[in-house]
Amino acid sequence: MTTIVDLIEAAGLTGRGGAAFSSAIKVKAAWENRARLIVNVCDGEIGAAKDAWVVANHLPELLEGVSLVTGGRRKAKTLFATHRGTTTARLLAEAGLPVLETPERYVSSEETSLISLAHGGDARPLAKRAPFVFGGRDSQGKRIRPTVVLNAETLWRISQINRYGVDWFRSFGTADEPGPRLVAIGGHVARRGVYESEAGTRLTSILAQAGGLPGDAEYVGVGGMGGILLTADEVRSATWDTPGMKRFGGAMGPGLINVWNPDDCPVEVASRMIAFGAGESAGQCGPCMFGLPALSADWARFSAEPNRETHWQLVSRLGQFGGRGACAHPDGVARFAQSALRALGPELAQHAENHCTKAGGRRYAQLG
Amino acid sequence: MPSSADHRRVAVDRILCSGHGVCAQTLPASIALDEWGYPIIVEDHVDADAGALAVKLCPARALFLR
Numbered sequence: 020m021t022t023i024v025d026l027i028e029a030a031g032l033t034g035r036g037g038a039a040f041s042s043a044i045k046v047k048a049a050w051e052n053r054a055r056l057i058v059n060v061c062d063g064e065i066g067a068a069k070d071a072w073v074v075a076n077h078l079p080e081l082l083e084g085v086s087l088v089t090g091g092r093r094k095a096k097t098l099f100a101t102h103r104g105t106t107t108a109r110l111l112a113e114a115g116l117p118v119l120e121t122p123e124r125y126v127s128s129e130e131t132s133l134i135s136l137a138h139g140g141d142a143r144p145l146a147k148r149a150p151f152v153f154g155g156r157d158s159q160g161k162r163i164r165p166t167v168v169l170n171a172e173t174l175w176r177i178s179q180i181n182r183y184g185v186d187w188f189r190s191f192g193t194a195d196e197p198g199p200r201l202v203a204i205g206g207h208v209a210r211r212g213v214y215e216s217e218a219g220t221r222l223t224s225i226l227a228q229a230g231g232l233p234g235d236a237e238y239v240g241v242g243g244m245g246g247i248l249l250t251a252d253e254v255r256s257a258t259w260d261t262p263g264m265k266r267f268g269g270a271m272g273p274g275l276i277n278v279w280n281p282d283d284c285p286v287e288v289a290s291r292m293i294a295f296g297a298g299e300s301a302g303q304c305g306p307c308m309f310g311l312p313a314l315s316a317d318w319a320r321f322s323a324e325p326n327r328e329t330h331w332q333l334v335s336r337l338g339q340f341g342g343r344g345a346c347a348h349p350d351g352v353a354r355f356a357q358s359a360l361r362a363l364g365p366e367l368a369q370h371a372e373n374h375c376t377k378a379g380g381r382r383y384a385q386l387g
Numbered sequence: 076m077p078s079s080a081d082h083r084r085v086a087v088d089r090i091l092c093s094g095h096g097v098c099a100q101t102l103p104a105s106i107a108l109d110e111w112g113y114p115i116i117v118e119d120h121v122d123a124d125a126g127a128l129a130v131k132l133c134p135a136r137a138l139f140l141r
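In order, the protein sequence lines correspond to chains A and B. Just so you know, we're using my numbering here: the first sequence kicks off at 20 and counts up by one. Just so you know, we're using my numbering here: the second sequence kicks off at 76 and counts up by one.
It is worth saying that the hints were derived from the structure and are not from the lab. Heads up, the beta-carbon is just placed ideally off N, CA and C, and yes, glycines get one too. Treat the hints loosely; a few may be bogus.
[Said to hold, decoys possible] Using C-beta positions, here's what the derived DEER-type ranges look like:
(1) B/Leu108 x A/Arg210: 29 to 39 Å
(2) B/Arg136 x A/Gln332: 25 to 35 Å
(3) A/Gln159 x B/Leu128: 17 to 27 Å
(4) A/Glu328 x B/Trp111: 16 to 26 Å
The shape of chain A in the complex, shown without the other chains (with noise of 0.2 Å):
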């Protein structure tokens, strides 16, 4: 008998939180451990959106999904994290679906941070020696059931499987990276909101929805803090997938473009973006919560004087965040940073002249 799994599996469908790793793994370990099902309706990356963009739109098929992958228990007990006080706890509250409350913080949605919440404690990530779907204990000891977390997206395009059809759903994307896609498009475009696309398409298609890359756009984030920073020209030349986003060093990740305000400073609003970053450290791990603070320092320093000692210091420090912590906050914001450094060269160079042709070239002077 065909099970869903062995349609997730032929979909080739992979998690739409941003790690892209296969869900038919993921949803047959959770069904022989029987784990309880967290849905991630956080959107916890900077500028997401899509994951509450499924359940304004899509909430029944969402809950196929999820009835889908616990098979029906009566007993699952699924939880639905998603930030308090918004809009998507409402609606979740108001559909009578059991909400986890998870706190306003960068790395509070972060897979593990949902787990260790979900059984009482903090919303902070914990550290992985086995997958928590085979359940497990967190570094003080504390036993962890066996537990998965899906995004939503995810959990929708599984009901989508179930209902189209494999063939339906690899007639989007690439042959290594199948189906349709959320993305959310935010910042200086014309239509700022959540679409659809695949993999294999260009940028400036995806771009298209949302109005076009404006003429005057210079730089455009992709994945948020833990994604990749591109010029206008390398958006024009590039492919939305894993090898054309890898091109740069980043990911598909959790779906989400930014094209940045020309009227601001980038070097200004890439320092702000790290500094943010290293303050979103949940303290735990020491690469993070002693490393970023310092990357942010050194990033401050070279772009308030670029020259060859404190580009030494900034690009040694970058070497440093090679899967230090116990997630991946403190290489996402490495790799931000790393793309900053490549796609700001020129910007850099002229502040390094003591010269900003932003308005907010000035506010750039205080940093300093």
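Chain B: place on chain A using the hints.
Using the frame of chain A, we list chain B on its own:
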């Protein structure tokens, strides 16, 4: 290289680790320390016996083998 009888992969529970730095003494060829004393794993494949001893000597019980 997969884990075998005489080789294992060393890893750190980053939440438990409080930067004592003992692992860099017990596994000097595999682990370096950053400026705050937190481990940087340079080579995660370690001799099984040396790895087991390092795990035993980690004061934070953060070091483990897999």
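Output the indices of the hints that this structure fails to meet, ascending. Hint check: 1 fails alone, others pass.
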